[in-house]
Amino acid sequence: MASTTPRPSSPPPSRAAIARRRRFVQTRAAEARPSQFRSRLLVLAVLLLLGQIGLLARLFYLQVRQSDKLRLSAQRHQLIPLPPQIARYPIVDRNGDLLAVDKPAFTLFAHPMLFKQPLTTVAEQLSPLVNKSVAELEKELRSGPSGIPLVYELSEETASRIRGLYLDGLELVREWQRVYPQAELTSGIVGYVDREHKGQAGLEFSQEKLLQVPAKERQFSGDGDGFLLPDLAPTNPIDPASTFTLRLTIDTRLQRVARTALRQQLKKFNALRGAAIVMDARDGSLLALAAEPSFNPQEYYKADPSLFRNWAVADLYEPGSTFKPVNTAIALQAGVVQPTSTLYDEGRISVGGWPIQNNDFSSRGGRGTLTLAEVLGYSSNVAMVHMMSRLPASQYYTFLKQLGVGEKTGSDLAFETPGQFKPKEQFVNYPIEPATTAFGQGFSVTPIQMVQMLGTMANGGRLVTPHVIAGLFDRDNQKVKSLPLPPPRQVFSPTVSRQVLNMMGYVVTDGTGKAAQIPGYRLGGKTGTAQKAKGGIYINARITSFVGIFPLDAPRYVLLAVVDEPKGDDAYGSTVALPIVKAVTESLITIAGIPPSHPKELERSSP
Amino acid sequence: MSAALKPNYYPHDEKDVARERRRLVEQRRQKLQAKVEPFVLPPQPRWLTALIRLQHVSTAGTLLIVGALLPLYGWGSLTQHNWGKRFSELEHLQRQERQLLADREMRKYQVAEQAERQPLGLVREVPGNTLFLPTAAVKTPSTSADLVDQPAAPLPVPSPISY
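Those sequence lines, one after another, are chains A and B.
Read in the numbering used here, the first sequence has 299 at position 299, and its numbers run on one by one without any break.
Read in the numbering used here, the second sequence has 59 at position 59, and its numbers run on one by one without any break.
Honestly, the hints are just simulated from the structure, not real lab data.
The reader is advised that the hints may include incorrect statements.
Claimed, not checked - Sample of chain A residues at the chain B side, in silico, Cβ under 7 Å:
1. 98
2. 182
3. 520
4. 590
Said to hold, decoys possible - DSS-like mimics (lysine-lysine), calculated; alpha carbons at most 25 Å apart, straight line:
5. 209/A x 103/A
6. 103/A x 108/B
7. 302/A x 108/B
8. 103/A x 85/B
9. 424/A x 532/A
10. 216/A x 85/B
These numbers were taken from a predicted model, which means no experiment stands behind them.
Each residue gets a CB set at the ideal place from its N, CA and C atoms; glycine is no exception.
Start from the sequences, fold in the hints, and give me the full structure.
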């Protein structure tokens, strides 16, 4: 400043310099004039406007163009996804007892390359939680840089404790474990799921779609500490769809009795396999369906794969004499015999060049004239052939087809096999065909189909579909979904079915089923001992069976026991299968609370 | 130096400029002092008065609302936090419930298996060891006394718990 400012002693400025200075002062004064302000304001306004336009454009860009991306990005920070509680619906029996339930399980993976602590420290911290020694863990951890599966099927509690260690390089992968508390007891019905949680047998396989819980990940808003906030929570934090249960018609208590009785007899007669079925004939619901041998669904990988198919549903057998009541009903329905009719039993006859004889022909010979009840009571093959020969073969064939012989029942059980039945031409043209069919041989059915056909005697002649699924139920016990089943078909008149049932009652009071009598009660029954066929030739092996219908006065339950290849000379339907049906009937009485129809007998029999 | 500026004179010295400025200020002050008169507020229009009053009222109202909202906000935050805690508890309890149910069923199975292998005095329920009681006739209450004497209604059939 000092250098530029002229000192007083310096010579006075020139005129030109004064003029310049004056112009400068004038210019500064002019700046204060309104016209100059206006232009400045204009510039400012334009700038502000441009700024506003810029802001609006940015706003549009963020709110419209980028909104989806930004919303997702924000949600990633604000939302906490909660994994579903179950992947498959639990399966319960008719009383609500658990048969199968999901349990979250975790697999622990280690990625040593990401460890921020020494490998030994990690192993030491993990060791007490995963029940493995430090040395063992160290060895596993040194086996690779990444993706080492350390432990499978860790519980939720252990998983959360491992998470609490805050160790880098550890990964917990959520999986599902299916728990089957009843183990072998219901495995033939329920089946199992594999490691991928996919059904491979039983209902787990056949009802895979129904059992799947709709995958709905619950999103909750959360605060910085990971606490959930109710902002996005639904009014009911429990998703109703995740609380459904698949209820079966099976009664586990009865199932246990059936299985125990079956196993006892299988052991006693050194038999190959066996099945015991209890059906409510009113609607076809199955209360018990035990098939032995069975497998433990929790350790399915140890089991023989052939056991995954419940043979009561998937395998065929020749029913033998237990089919005689069905034939009798056909003959009565067709009007070729009357309840009062009699038939002559020679003991042995020849049909189309083939000999047919009664089981006890060698000891008893021919039984002579028999009533229909006696035909069933003594299980006369010859009289049955006479009875069915009164019916034209083509009509007989049509009746059998109406009953569903050779078809599937349409049950909801897995792996159902259709029965085997001769073509119509063969059945009509060869007299031996209807003759063998008359006493339950020459065709095959599944045990479950046998129960279905015999059920017609207990429900006034209706063919109902055997099934185990009652439906999908919600928490309030309300049915949410039921499976469509073929509608019942009336195949016999109620009168005919009652007449045959009375004859079955005679079998138990005076015939081959005497051992099934239960003091205080009345039941109908029929024994069956069929020769087994292998490759089209009958072999020296039997299938024994017994069917019971209970109670006789108000028929409701059909019970069938089938035992395959029992050994021993005394292995008959009455000795092998009948005790199973009797034991199950006794338990059914107490479980269903059926009062005795003849209470006096109970008083006499009690000590 | 005279007070008035000479036409051809231009202060080229700092002191001159300062002197000149002081002179101008003094001149303005004298001029202003000469013109001092009481300032009379012009009468405000009614709408302006109303607006000012509205402003006062709304300011007070806003303060009041803010004051009231603060605890409300705090309460809201606390509730949300508590909800989160309770929800975590619910999840935990549900997990335990599932675990307990599965364990209970497994235990039942084990007990039943055990009873089969070693009955230890347990017997299977059969009609012979069951007591059948005839169904009691339904009694229709006719008086209030009957109602009082009525036993408690039977518990509903336990429904299966969902998992």
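Going through the hints against the structure:
1. 98: 4 Å, holds
2. 182: 6 Å, holds
3. 520: Interface hint status for residue 520/A: holds (6 Å vs cutoff 7 Å).
4. 590: 4 Å, holds
5. 209/A x 103/A: Holds, because 19 Å separates the two Cα atoms, which is no more than 25 Å.
6. 103/A x 108/B: 19 Å, holds
7. 302/A x 108/B: 24 Å, holds
8. 103/A x 85/B: 23 Å, holds
9. 424/A x 532/A: Holds. Residue 424/A to residue 532/A sits at ~23 Å (cutoff 25 Å).
10. 216/A x 85/B: 22 Å, holds
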